[in-house]
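Please model the complete structure; the sequences and the hints are all you need to start from.
Protein chains: 2
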Amino acid sequence: MKVLFLSAVDFEDLELIYPLHRIKEEGHEVYIASFEKGHITGKHGYQVKVDLTFDEVNPEEFDALVLPGGKAPERVRINEKAVAIARKMFKEGKPVASICHGPQILISAGVLKGRKGTSTITIKDDMINAGCEWINSEVVVDGNWVSSRHPGDLYAWMREFIKLLK
Amino acid sequence: MKVLFLSAVDFEDLELIYPLHRIKEEGHEVYIASFEKGHITGKHGYQVKVDLTFDEVNPEEFDALVLPGGKAPERVRINEKAVAIARKMFKEGKPVASICHGPQILISAGVLKGRKGTSTITIKDDMINAGCEWINSEVVVDGNWVSSRHPGDLYAWMREFIKLLK
Chain Y
1 MKVLFLSAVD FEDLELIYPL HRIKEEGHEV YIASFEKGHI TGKHGYQVKV DLTFDEVNPE
61 EFDALVLPGG KAPERVRINE KAVAIARKMF KEGKPVASIC HGPQILISAG VLKGRKGTST
121 ITIKDDMINA GCEWINSEVV VDGNWVSSRH PGDLYAWMRE FIKLLK
Chain E
1 MKVLFLSAVD FEDLELIYPL HRIKEEGHEV YIASFEKGHI TGKHGYQVKV DLTFDEVNPE
61 EFDALVLPGG KAPERVRINE KAVAIARKMF KEGKPVASIC HGPQILISAG VLKGRKGTST
121 ITIKDDMINA GCEWINSEVV VDGNWVSSRH PGDLYAWMRE FIKLLK
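Protein sequences, first through last, are from chains Y and E. Heads up: the first sequence at position 78 corresponds to 78 in my numbering, and the numbers run straight through without jumps. Heads up: the second sequence at position 110 corresponds to 110 in my numbering, and the numbers run straight through without jumps.
Any given hint could turn out to be false.
Treat identical chains as interchangeable: a pair holds within one or across any two.
Claimed, not checked - Derived pair list, reagent style EDC-like, types lysine to aspartate or glutamate, alpha-carbon separation capped at 20 Å:
#1 Lys24 / Glu61
#2 Lys49 / Asp153
#3 Lys24 / Glu160
#4 Lys116 / Glu92
#5 Lys49 / Glu138
#6 Lys88 / Glu61
These are calculated hints, taken from the structure and not from any lab test. Values in this document were obtained by computation on a predicted structure and should not be read as measured data.
Here you go:
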């Protein structure tokens, strides 16, 4: 499977790098898309290589989507192409994993109405206003969408997402 | 299974937190031992809780050992109790995972003679002087010992270590 990550500078380091390795461990291919080529640096100083720009992404070519948190999602959500990628993949029922601030991109994509999920508690009200049934749980699985709250949930988040990729 | 981590301040954040969650994902219990109770902070600022001091560890109670890298192993290796724990568990054939500077503790434990393994290249000569056959590979599995070089190898490191825990 080909798994796409949407992120930008100031990503939450563990929330991007943990799933990157975990998904790679299963033999899947992982790709990071961002505003421009080169490297992006996380809040804690880790750098990862950008594989393709948002404009270069053809969502048809990817089987699943990961939306890490940090300050990156607030940057990503103002890019219409990135939001359109997330909307299309989410609506087509492809597996989507989000954590912490990651679902800010899904709010902007307008896909959360009637869906069950979680996020960092600081955007709980935004999730609810977007029509999401917000649940305070280490992981929430609602069909194709697997969401968690923060880095302390990583083990549960990927345990459930890996199941969806099988 | 009960899996023990030996570490200290200035651990390499990903090298401790990645296996912590990955092993927890499999349903095992994870415990961090260090010099004193409280929290230890990694090189990149992440904090983890210390579950027990080196003096409190009874190695008989643990089934496997993880030695993350960073600057922590150079601190840990001067603690005789910590080194004795690693020596005992390694010699008994319990699964041991080390990465980066982690095997400095195994060098001090005197258990590497005739064993195949890897580490950060910066301690390659110390590994060889300790009698280890040093191999430049993302992961080396030699019986009960699974070793990797750096955070870029995390996916391969845990892929092999998780197999040993089964």
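Problem - Within, between, both or neither: Lys24, Glu61 at alpha-carbon 20 Å - result: Within one copy only: 17 Å inside a chain, 32 Å across chains, cut-off 20 Å.
Handout entry: Same-copy or cross-copy closeness of Lys24 to Glu160 [CA-CA at most 20 Å]
Key = both (15 Å within a copy, 13 Å between copies)
Problem - Homomeric proximity label, Lys49 with Glu138: Cα distance no greater than 20 Å - result: between (29 Å within a copy, 19 Å between copies)
Problem - Within, between, both or neither: Lys88, Glu61 at alpha-carbon 20 Å - result: within (12 Å within a copy, 50 Å between copies)
Exercise for the section: Could you figure out if Lys49 and Asp153 sit no more than 20 Å apart (CA to CA) within one copy, between two copies, both or neither? Expected result: Cα proximity of Lys49 and Asp153: across copies only (15 Å, versus 25 Å in one copy).
Exercise for the section: Up to 20 Å between alpha-carbons, please classify Lys116 paired with Glu92: within, between, both or neither. Expected result: within (17 Å within a copy, 48 Å between copies)
Taken one by one, the earlier hints all hold for this structure without exception.
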